[in-house]
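*Asks:* Sequence:
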Amino acid sequence: MTGNAIAGHSKSECFCADGQEVEKPVEGDEEAPMVIDKWRLEKFQSPIELNHDDTIHHDHFEPLEFHGHWDEGGEATFTNNGFTATLRFENRELPVLVGGPLHEDQFIFEQLHFHWSNDDHSGCEHIFKGQAFSMEAHAVHFNKKYGSFNDAKEKHDGLAVVAFFLKATDDDEHPCFNKLATAVQEIVKINTTTKVPSDCLTWIKEEAQCKGYYTYQGSLTTEPYFESVTWILYPTPIHVNRKQVSAFRSLNSTPCEQHNITKNTRPIQTPPEHRKLDVIYARSHKKSE
Numbered sequence: 108m109t110g111n112a113i114a115g116h117s118k119s120e121c122f123c124a125d126g127q128e129v130e131k132p133v134e135g136d137e138e139a140p141m142v143i144d145k146w147r148l149e150k151f152q153s154p155i156e157l158n159h160d161d162t163i164h165h166d167h168f169e170p171l172e173f174h175g176h177w178d179e180g181g182e183a184t185f186t187n188n189g190f191t192a193t194l195r196f197e198n199r200e201l202p203v204l205v206g207g208p209l210h211e212d213q214f215i216f217e218q219l220h221f222h223w224s225n226d227d228h229s230g231c232e233h234i235f236k237g238q239a240f241s242m243e244a245h246a247v248h249f250n251k252k253y254g255s256f257n258d259a260k261e262k263h264d265g266l267a268v269v270a271f272f273l274k275a276t277d278d279d280e281h282p283c284f285n286k287l288a289t290a291v292q293e294i295v296k297i298n299t300t301t302k303v304p305s306d307c308l309t310w311i312k313e314e315a316q317c318k319g320y321y322t323y324q325g326s327l328t329t330e331p332y333f334e335s336v337t338w339i340l341y342p343t344p345i346h347v348n349r350k351q352v353s354a355f356r357s358l359n360s361t362p363c364e365q366h367n368i369t370k371n372t373r374p375i376q377t378p379p380e381h382r383k384l385d386v387i388y389a390r391s392h393k394k395s396e
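According to my numbering, the sequence shown is numbered sequentially starting from 108.
Note that these hints are calculated values from the structure, not bench results.
Any given hint could be a false lead.
[To be verified] Label-pair restraints from in silico Cβ distances: (1) Asp226 - Lys302: 22 to 32 Å; (2) Arg349 - Pro379: 35 to 45 Å; (3) Thr301 - His381: 45 to 55 Å.
We treat Cβ as the ideally placed atom computed from N, Cα and C, and that holds for glycine.
Build out the structure end to end from the sequences listed, making use of the hints.
*Replies:* What follows is the structure, given as structure tokens:
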């Protein structure tokens with residue numbers, strides 16, 4: 108999870124049959140590279156495994172509110188950057204996230220992107236009660252007081268990311284999610300972009316209005332792993348069709364089109380033994396606009 112084009116992700120080189128030098132297909136990081144400042148590795152890295160019995164229960168948060176996330180108007184674009192598929196809004200007032208663990212700050216929508224794997228059982232980054240799901244979507248927001256994603260990404264309260272699990276089933280296609288799943292066919296080649304309906308986030312609306320979410324202070328899940336993220340995770344997976352999930356695996360990760368993005372997840376990170384990671388389960392909620 109990051110902003111821009113999954114900020115700071117580094118790739119190694121490979122050579123295709125025709126001798127063209129291209130970038131190697133992306134795989135999930137096995138661990139945080141040692142070039143990261145030591146102080147970051149001694150704090151709290153993401154993703155983590157969530158266990159309800161280990162959480163602190165809170166009922167006194169202000170309601171978490173989504174404003175404008177499923178509005179119509181303006182333009183929405185979907186891009187294959189070689190690591191993931193990223194959704195952005197243009198020519199409209201950007202959605203805003205307020206309340207809940209964000210307190211008095213307002214967080215502006217930057218982008219939404221996806222994580223997946225080469226099967227339908229390990230494509231998420233966070234784990235909930237020992238269970239993994241097919242995909243994980245991250246809606247990235249930056250703190251308005253810092254003015255931009257780039258200026259906020261290193262601040263301890265700079266980012267808020269809302270995570271949704273997706274579970275592949277044999278049921279019918281999810282009609283709202285299809286606005287993005289079908290658009291994947293238009294961005295198979297790396298660094299290509301297509302337009303999608305401006306109300307393309309309606310598939311998260313129902314889950315975002317549920318009565319419970321988990322929150323903790325963690326990090327980006329790609330380099331440079333800044334520990335600047337207030338994570339908000341909804342535990343109930345959104346059911347989509349297997350074909351809708353498999354479409355994302357067709358995205359090219361290299362210009363030569365010989366490699367696809369088959370896995371872009373980071374493994375679970377374990378907090379240092381001498382530090383306790385506080386995960387809060389918030390039960391208080393109300394419907395958002």
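*Asks:* Which of the listed hints are not met by the structure?
*Replies:* none
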